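A.B. asks: Protein chains in written order, with my numbering: chain A, 61 to 390; chain B, 154 to 505; chain C, 45 to 554.
Honestly, the hints are just simulated from the structure, not real lab data. Treat the hints with care, since some could be wrong.
Said to hold, decoys possible - As a list, the in silico BS3-like pairs of lysine-lysine whose alpha-carbon atoms are at most 27 Å apart:
1) C/Lys440 x A/Lys270
2) A/Lys352 x C/Lys268
3) C/Lys165 x A/Lys270
4) C/Lys165 x C/Lys183
Stated by the list, open to error - Computed beta-carbon distance windows for the label pairs:
5) A/Ala166 x B/Ile476: 45 to 51 Å
6) C/Gly115 x B/Thr257: 55 to 61 Å
7) B/Leu498 x C/Asn531: 44 to 50 Å
8) A/Ile244 x B/Val316: 39 to 45 Å
9) C/Lys440 x A/Thr108: 47 to 53 Å
10) B/Arg321 x C/Arg413: 58 to 64 Å
These figures come from a predicted structure and were not determined experimentally. Ideal placement from N, C-alpha and C gives every residue a C-beta, glycine not left out.
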Amino acid sequence: MAVQETSLKKPSLTLRIQRLLLTQEGVLLIITLIASLIVSTQTDKFLTTENLLNQGRLMTEIGLLALPMTFIIITGGIDLSAGSIVGLSAIVLGYSWFNKGYSLEASIFIALAVSSLAGLINGLFIVRVRVPPLIMTLATLTFYRGLAEGIAQSRSVRGYPAWFYELGQEETWGIPNQLFILVIAIVITAIILSRTTFGRSLYAIGNNEKAARFSGIPVSRNILLIYTFSGFMAGLAGYIFVSRVSTTRSDMGTGWELDAIAAVVLGGTSIFGGTGSIVGTVIGLILIQLLKNGLALTGVTGDATIVVIGSVLILSVLINTIIQRRTVGV
Amino acid sequence: MASVTQTVKPISRRFAVPRVLRSIIGSQEAVLFLALVLLIAYVGNENGRFLATRNMVNVFSGNAYIAVAAIGMTMVIITGNIDISVGSLMVTLAMFSGAISIYTHFPSWMSENSIIWLAWIAPLIVGGIVGAIIGFFVTYLRIPAIVVSLGFMSILKGILIIVSEGERITGMPDGYALAQRHPLEKVPLPIFEDFFHGLTMPIFFMFGLIILVALWMRYSATGRALYAVGGNAEAARLSGISEHRILMLTFILNGFFVGIASVLYATQFSVIQVTLPPIEMTIITAVVVGGVSILGGTGTVIGAMLAAILLNTITKALVFVDISPFWMRAIQGVLILITVLADLLRRQRQSA
Amino acid sequence: MQPLLELQHITKTFPGVKALDDVQFDICAGEVHALLGENGAGKSTLIKIASGVYQPDAGDILLEGKPVRLGSPHEAQSQGIATIYQELLLYPELTVAENIFMGHAPRTPFGAIRWISMREKARELLASLNIYDLDVTRKVGALSVGNRQRVEIAKALSLNARILIMDEPTAALTEADVERLFNIMKLLKGRGVGIIYISHRLQEVFDMGDRVTVLRDGRYIGTKAVTDTTEDELINMLVGRSIDNLFPKAETQIGNVVLEVEHLNHKPLTRDVSFQLREGEIVGMAGLVGSGRSELAQSIFGLLPAQSGIIRINGKAIRVRNPRKAMRHGVAYLPEDRGTQGLVRQMNLRINMSLTVLRMLSRASFINRQKELKLALSTIEKLSIRAYSPNQIVGKLSGGNQQKVVVGKWLATMPRILIVDEPTRGIDVGAKAEIHRLMGELAKQGLAILMISSELPEVLGMSDRILVMREGRIVAEYSRADATQENIGMAMMGNIENGHPVEEHQMDGV
């Protein structure tokens, strides 16, 4: 008894579209399209190149956190300390440059190194001491933020040289500079996750860590890598954020980890691990930014938009759960 | 396995004393209590003013609202769920309570006293309702609690900002400041009169509620069912426990306790701010450091309370040992790590 | 005699599958009625109908001759039908007494639990089962599997169960625990409890059963009194064909030593172990559960890196620090628990099969999906795995087919040394024979196979040489000619009184 012939043929186009629409990414894509349609009928300021690019600029930092967060959540982990590492990175950058007198280039390097180290420490405890990721990163959420506060002593650093602001505030060919970094990061992480052995191992770990280990997959090493990567990306986000807002404060990035997790979950990655995609996360990010922007443009007061975002998060996951239940037919 | 070795012991004995003792000494609660005592002794030795009545009262009352909120969170985490919307809910309810107390258009038959009581009670009910809504999503629509509460965190935060328009609330009536009352003030006492007179309301709320809930969770049928659902939901369902009912109750109670915490939070100063410190993380930290397993099924509210007090003690102690308060959180973080690791080590040794 | 419970003309359909088709079954007071069938034959569905989890599409359920409806597990319980599932449904954080009385604890008029009387009653219940060594105030999480099962049985009795359904109760038990279980079952029989007993082990059916009913492909095949039937007849009924030789160990050319282990230690379960394995040879490894066989295998495979000792592969000493290192030297290990160790059950066949050979299927760590698909298709073909597509989720296959996927994923690594740990546990007779045949063929091709098994007939039938482990040591070695059930059994047991470290196992569900 082998495989039936029919199943090997490629499914018909309509069937494939139908399948796509039934995934969380599909549901989200539809919501995003409808939302942008509604917003663009309400205001003509929305569908302008300038506005859209500016929105891209604003979502870069959270986006950089959400990409490694997707990796981590797929393995069944979580990184609550990412927002605190953003703050730590910003403070270390300012402190090395202003107080210690290192060159700004060296300071950026130090900030990124410290952030990666912070991520590595998370990973080491999770892998070697077997502290559950939620608890480990909850502890370092406090600890890394505390380090930032302790180093900063509530002083902020300003007055960086002009070239420093180029990344966060200038444009190349009309496109905000940091957007290049985000797009490159998206492409690379998407390829890693969907095409490489490393990406495959993350899914296997998320579904059954033991079986992955028994299959000869370097589970510990890979988990260590993704938490370190998360630290690095948080550091990068911190640097870009400082460059965008021109100042360094210890409370930078507070709560960002939750925004990043929201984007990841909205994008269809199961919070229990094992499934998910970068494409989903990116659509999740775009939808959140779109809602913020669209509502603001149509006159809804700034922070009120988060009400809508919260509702969309719950609703989209609800719709997805219902669809999954129907198709699986339990 | 140990069960093989301890054959036919007298069966009628009700308390196996050595084991009870051993389990108390080995518990996370005992570790925290010891840490608390040592810390207070150490700092008191470094600087005697730390042990002054007023300061001690501050040490114990400062995080009382966290401890009260941690009661609900303990239950939620024991059932294998989590709720990260409690911080937003607490501040929202605090603003709500304050707003009632200064609202001037109540019908004239309502005395000032009854308005104050309304301001104290209403947040509890609203908290319970919000908890019920979250519980409904988790229980009946089967969306992971972390997702629902993440969504509700945004929703509540947004509502808070829209309604308050970012303004703080002041000018509450005198009788409103529940958290600043000293209930034993008028009671003459033979010893430690100063100390007992100085005790503020939040301390009584904290100890009272914790003791009640600890007993309830330890001995009542429903309380035990919480552990059952968290320990093995599948089993609970097949053995006829209504998992849905228990989960709904858990989330409603969680909202209710956040309501109580919000009143304590609102009445501690003469202003209520809209600022949102990451309260939910402090509460979850207290619960986790208190020994509640994030995987569900184990832990007590007493551990969570001790952890909440310990966290506040650390904060308050820094000033007395000449450490810049800006290092407070870093030290807190390290201590959280140490307690978590100690707990982990203890569990590994127990299971080995 | 009026049966306690009768299931008549039961039919149950799930989307796409007819799980049960006109099946009948009955149980009388004081008898043990064994239910046999390959995986996917419909046993689980039938007991789930008897215990109220599923409702039949057609057919009648009669309790003492009167028709009843069992709408939920709760209703079935209140009618006196209790079920003990394979994965025990207990609360690890609660005490023994609480677990026994979960849901029906003695209460005061105010709804509070009467703790003291609950403990007393729990003790009485356990004493009525001749269990005196179980402290009712202990947390269940700290108990051994055997003790947990006793708690489950006590729980069923506390509900006044007249019918007890046991789903593969011996699957995860040690020999001593099995014996105790059988004693308890005899006690219950004497009290008039009817026991529905499901097991893969025919021997147990003959030891404990009064009658036996066989299902195949969702259909009722027949019911026999145990005294009137033979093992051969039952196997015939089970698979619908007669299997002449269950263990086709072909004569092979035994070649050079490929694996040599000297004084290997990983305390406490691997102690000073030395042995050799040759090309084309199948070495069986017998021993009780917890005797350290799996741990030894995992040491060789790098999952539990050895603390001291030498592992030589093809004459070269190698430090095996992790599974990748072992795999690079041609070692493959089929773990004993395919559900948690062997497979990622939520993922599909293709992904599971390529998991061990991702490196071979990729260039610069990019996976070649064409190659991956081809590998999956050819493995499905070669091992005749019953799946409709390589994209089928592994967890939805039957146990035998799941095991074949595990075999497939390890054969893909083209090993020279194959360690198989309980290769046929919990799979049906047909699939078992196929796996045995395959192992024979592999040996013929020159593979060296170390086979860990708790089934003595399998060990005796398949092995060229047999090693026996006890308490982490190899205590005996027999050639194929010298080995008998008796002498291996003696070596396994040794002196039981010393007690063995009990290992906890989990069987995957059906």
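A.B. asks: Please go over all the hints and tell whether each is borne out by the structure.
C.D. replies: Against the structure, the hints:
For the given pair, C/Lys440 sits about 20 Å from A/Lys270 by alpha-carbon distance, which is consistent with the 27 Å threshold. Only pairs whose Cα atoms come within 27 Å are accepted, and A/Lys352 paired with C/Lys268 is rejected, the gap being roughly 72 Å. Using a Cα cut-off of 27 Å, the hinted pair C/Lys165 and A/Lys270 is violated, with the two alpha carbons roughly 41 Å apart. Note on C/Lys165 and C/Lys183: the hinted pairing holds, with a Cα-Cα distance of about 17 Å set against a maximum of 27 Å.
Evaluation of the 45 to 51 Å hint for A/Ala166 and B/Ile476 yields a failure: the beta carbon distance comes to about 30 Å. Distance hint check for C/Gly115 and B/Thr257: the Cβ-Cβ separation is about 57 Å, which falls inside the suggested range of 55 to 61 Å. Judged by the Cβ atoms, the range 44 to 50 Å given for B/Leu498 and C/Asn531 holds: they are separated by roughly 46 Å. Between A/Ile244 and B/Val316, the C-beta spacing of about 42 Å keeps the proposed range 39 to 45 Å intact.
Against the hinted window of 47 to 53 Å, the Cβ-Cβ separation of C/Lys440 and A/Thr108 comes to about 51 Å, which satisfies the hint. Taking the beta carbon of each, B/Arg321 and C/Arg413 are about 59 Å apart, inside 58 to 64 Å as hinted.
When each numbered hint is compared with the structure, violations occur for hints 2, 3 and 5.
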